[in-house]
Amino acid sequence: MQNAITTSFMMSLMTPILRSVLRSTRAGLALSLALGLTLTGAHALAAKEIKYVPSPSSFDQLPPATKGGTLIIALNNNPKVINPVISDDANSSYLEPFIWATLFQEDTETLKPIPYLAESYTVSADKKLYTFTLNPNAKWEDGTPVTAEDVKFSFETMMNPKTDSASMRAYLQGVSLHEVKGNSVTFRVEVPKFDTLRSLYLLRTIQKKQFANEPDFNKARGILQPIGNGPYKFVALKRDQQVELERKKDWWGYSIPNLKHRWNADRIILKIVPDSNLEYERFVKGDLDMMAFAGPSYEVFARKVRGTDKARFADKPGQGKLWTLVEENKAPRGYTYVGWNLRKPIFSSKKTRQALAHLADTKEIAEKVYFGFAYQSTSPFGSLTMNSAPDLRQPGKMIGLDVKKAVALLKEDGWADTDKDNILDKTINGQKVPFRFEVKYNSNNPARGKIAQILKENFKKAGIDLSIRSMEWNAYLSDIDNRQFDAIIMGWTATPYPNPRQTWHTESEKNKGSNFGSYSNKKVDELIDIANVEFDLSKRAKVLQEINRILYDEQPYMWLVEPKAMVAGFSPKVKSKVWSMAYDVDPPIDIYSYE
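In terms of this note's numbering, the sequence shown opens at residue 3 and continues consecutively.
Any given hint could be a false lead.
Stated by the list, open to error - Computed cross-link-like contacts, DSS-like style, restricted to lysine-lysine with a CA-CA straight-line distance of at most 25 angstroms:
| hint | residue 1 | residue 2 |
| --- | --- | --- |
| 1 | Lys-346 | Lys-407 |
| 2 | Lys-452 | Lys-566 |
| 3 | Lys-346 | Lys-428 |
| 4 | Lys-306 | Lys-273 |
| 5 | Lys-579 | Lys-318 |
| 6 | Lys-154 | Lys-164 |
| 7 | Lys-579 | Lys-323 |
Hint data in this document are derived by calculation from the structure and do not stem from the laboratory. Keep in mind it's a predicted model, so treat the numbers as computed, not measured.
Let the sequences and hints guide you as you build the complete structure.
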């Protein structure tokens with residue numbers, strides 16, 4: 003969410019080829035949880051100007067790629083908009099790297115920044131000024147140059163409170179446009195933060211000329227008729243059918259060394275396939291060229307790829323048949339969770355939320371829903387990373403299924419079955435309230451439906467009546483944005499260096515921000531503010547660990563599971579000598595060739 007995936011900075015667990023838990027693609031890892039790695043370590047300690055120093059990237063070393071062919075993959079729903087400033091769903095966000103360039107991109111083997119729309123950057127010694135100089139060759143698809151004025155317009159539009167981009171603004175709090183000079187644009191921040199540079203260099207730029215005269219940017223005509231500066235031209239959106247993209251054969255980006263052998267397919271067709279079983283059927287028939295197995299499709303992988311259809315698949319490429327890649331790498335994995343609407347009185351007590359957590363059978367969820375491809379989550383920051391509290395995973399600290407303990411906590415918190423109807427009740431604000439609520443999930447993720455059923459059975463044992471509602475994706479996002487829910491089952495992304503402000507800071511609840519559960523804790527706010535101005539990664543990790551402990555104790559989310567690995571299937575028409583890099587969470591489709 004996912005801004006709920008939610009935003010262009012977040013990604014749903016249900017994105018098709020990005021169906022695992024990062025919404026990042028090659029042109030930029032998810033801004034939803036960003037980090038400015040370039041301002042850490044020695045750089046952070048040096049009181050001198052920082053300049054980007056060109057050096058070969060991992061992409062520079064890619065073997066020559068064949069241009070041409072058509073790539074056909076799946077989206078699990080229609081994109082809501084085609085505009086990186088206001089996209090707030092996984093499918094819209096997935097399209098962005100094809101159509102728009104970021105100022106810089108990242109080497110997903112090393113996480114180092116590498117040039118893209120901008121050819122250089124400079125950070126002042128006090129880390130308050132950030133200047134980007136654009137590549138003079140950068141062009142829009144109409145042939146006009148990408149200018150600093152375009153960057154300025156994009157930034158100021160995104161930062162305008164009237165623009166539907168609240169979750170993106172969370173990463174650029176306090177940043178302002180300082181100066182436009184020739185082909186350069188300078189941003190200013192009074193309080194430098196650890197991820198300011200990265201949040202700026204992963205911005206995508208839209209064309210000022212296309213939008214400048216629109217009275218309401220959120221409803222602008224160009225939202226579905228983009229003029230891009232990336233490697234592909236948007237051709238058509240056929241609702242409920244497909245999105246069509248066409249490679250710009252004379253694209254300016256091919257003059258950049260790290261892009262020379264990337265973005266190789268002449269055409270990309272993204273089929274709208276909302277069901278994972280149907281996606282698999284189309285994949286094995288040859289109608290789709292790739293498939294990411296995650297979330298609901300783990301069952302397909304377990305039962306069919308490794309079961310009934312095993313003979314169809316090879317365990318490595320080059321054998322003239324379908325094959326699958328299962329890889330655990332350095333990339334932190336996101337997590338699936340139940341989010342409580344803390345505006346609802348029944349969820350206002352920490353003890354009640356702790357009781358609910360003791361009614362979640364994460365082992366059953368990991369085995370029966372995710373078929374062993376997941377483990378229990380204890381953190382929003384990647385449970386096994388340095389940013390998460392290791393003590394929470396020790397025996398006695400990690401919350402497990404314990405109905406007796408849950409019942410005891412509920413009793414301590416005032417819940418009792420006073421009318422003998424097998425449903426707990428409690429007097430709240432002078433009124434008798436039954437412990438009855440609804441959990442919502444998106445209909446194109448049956449794994450979440452199975453989770454809901456498991457929870458329903460365990461909640462019933464404790465006297466809690468849970469109803470389940472399956473919703474179409476865009477309607478689901480709308481309910482989340484408008485806080486029209488009791489509880490939701492969703493997923494969030496993770497990066498090696500997360501910024502918790504988007505989801506956990508009190509201020510991030512406003513203007514349809516990503517703190518849609520309305521969590522508020524002054525201590526957590528203070529720790530987030532401390533973490534975000536700490537440039538030493540080890541010290542920052544300690545602060546994040548403390549945030550993790552508080553959140554896990556307060557249970558504003560019921561943390562469930564995280565995936566173990568990247569699991570993907572390929573047709574023999576997909577060719578490459580490099581199939582993934584250290585921080586990839588999904589197949590890096592930009593480095594492959596297609597017959």
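These are the hints, each one checked on the structure:
Note on Lys-346 and Lys-407: the hinted pairing holds, with a Cα-Cα distance of about 23 angstroms set against a maximum of 25 angstroms. For the proposed pair Lys-452 and Lys-566, the alpha carbon gap of about 19 angstroms is at most 25 angstroms, so the pair holds. Of the pairs offered as hints, the one joining Lys-346 and Lys-428 holds, with about 13 angstroms between alpha carbons and a cut-off of 25 angstroms not exceeded. A distance of roughly 22 angstroms separates the Cα atoms of Lys-306 and Lys-273; the hinted pair therefore holds under the 25 angstroms criterion.
Between Lys-579 and Lys-318, the direct Cα distance comes to roughly 12 angstroms. Compliance with the 25 angstroms bound is thereby established for this hinted pair. Taken as a hint, the Lys-154 and Lys-164 pair is honoured in the structure, with Cα atoms around 17 angstroms apart against an allowance of 25 angstroms. For the hint linking Lys-579 to Lys-323, the alpha-carbon distance of about 16 angstroms falls within 25 angstroms, and the restraint holds.
When each numbered hint is compared with the structure, no violation occurs for any of them.
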